[in-house]
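Going down the list, the sequences are from chains A and B. So the first sequence is residues 1 to 209, counted in the working numbering. So the second sequence is residues 1 to 209, counted in the working numbering.
Please note that the accuracy of each hint is not assured.
[Said to hold, decoys possible] Pairs of lysine-lysine, DSBU-like flavour, derived with a Cα cap of 35 Å:
{"hint": "1", "chain 1": "B", "residue 1": "K52", "chain 2": "A", "residue 2": "K184"}
{"hint": "2", "chain 1": "B", "residue 1": "K52", "chain 2": "A", "residue 2": "K52"}
{"hint": "3", "chain 1": "A", "residue 1": "K52", "chain 2": "B", "residue 2": "K184"}
FYI, nobody ran anything at the bench for these hints, they're computed from the structure.
There are 2 protein chains.
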Amino acid sequence: MPATRSERKRDAIVEAATEIFLRSGYRGTSMDDIAAAAGVSKQTVYSHFADKEALFLDIVVSTVDETGDPVRAGVVEVADSGDLAADLVDLARRQLDQVLQPRLLQLRRLVISEAERFPTLGEVFLERGQARTGAALADAFARLGERGLLVVDDPVQAATHFNQLILAGPVNRVMFLGLVGIPKRAERDRIAEQGVRAFLAAYGPTTPR
Amino acid sequence: MPATRSERKRDAIVEAATEIFLRSGYRGTSMDDIAAAAGVSKQTVYSHFADKEALFLDIVVSTVDETGDPVRAGVVEVADSGDLAADLVDLARRQLDQVLQPRLLQLRRLVISEAERFPTLGEVFLERGQARTGAALADAFARLGERGLLVVDDPVQAATHFNQLILAGPVNRVMFLGLVGIPKRAERDRIAEQGVRAFLAAYGPTTPR
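Looking at chain A on its own, in the form it has when it is part of the complex (with noise of 0.2 Å):
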């Protein structure tokens, strides 16, 4: 089905205001910006948008959905995973390969450069990103303790320690290094096989050690 001229529209809007956003600011950017660098009147970004807010809001809502969705499918297929090691090093390797996108990361910096000011885009980035994931993937761990596989009391915990271990080492060091310090696929690797690893010892049933 080919898009209206009004979702045309809408998307032009969307995707000029991501660019501005991410070069200038939340504070430095401005709806005229926006329509400009779109090319469609203030009164159409206005009749998509009903402020600067809610268009940033959309933004960060289909920014952390598309990256996060193709993750939390593999977080339910490791629940019947027939060799679990591999298994979870494989899913925390396609964790830090979505968390670790270029445009997610500073969406995530710009978010966090509001958080005080505006703190419903800090929710909305943790409830629809790492909560849900953190969610499906406490499902997984339960339904592994269930088969013997791991050892897990409070499934929503071990699922916050995973977490942990594998995504906020980088994720941090990239909010203070800025783009330059995203590992690259050597040291994700190495952070994937350290922090499963860790994990395994910690909650699995046996220590592989």
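Knowing the structure of chain A, use the given hints to seat chain B on it.
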């Protein structure tokens, strides 16, 4: 030894600058604003600090040092622990109390906001704080390994995992939710206890369950 007139002026500049930076952001603050708030001439500000970046860097270094130094003293003591589980929980609680100080968290957000433009700020923040505490922790874990109380092939990796299990979750939440997201005492205790339990299950000589 009483402070000289010049030292008192320098302190007044740093105090005024910290408040304005945290309120108006790095880019939203000028050396004129700082001179006015400190009640000194702009020339006096420049006689102490070459430019705005040097002044902000000074604030970052002194804040990170002041909050981190007492915690590192505690890290060194853990190497001689007679009750490792209890002492690690105690250390974790003190680390949480340190990183969750509102002024340090606000400064962290400000440094992150500017990281793409001023990576030096981010490097300094990481190196003066996290990296030094991590190195002290790695030394302590290596010593605990020699004493047979931990099993650590790679003490730096173990220190990284310890920090991630304890600090990453709450700091991340505050970055997204603002200071209202700072966990209270009971929640901090839970984070410390669960984090240390997972750490000792992964790196202790026996699993405690």
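Cross-check of the supplied hints:
1. B/K52 to A/K184: holds, 34 Å
2. B/K52 to A/K52: It holds: about 31 Å lies between the C-alpha atoms, which stays within 35 Å.
3. A/K52 to B/K184: Distance ~34 Å between A/K52 and B/K184 Cα, so the pair holds.
Hint violations for this structure: none, all hints satisfied.
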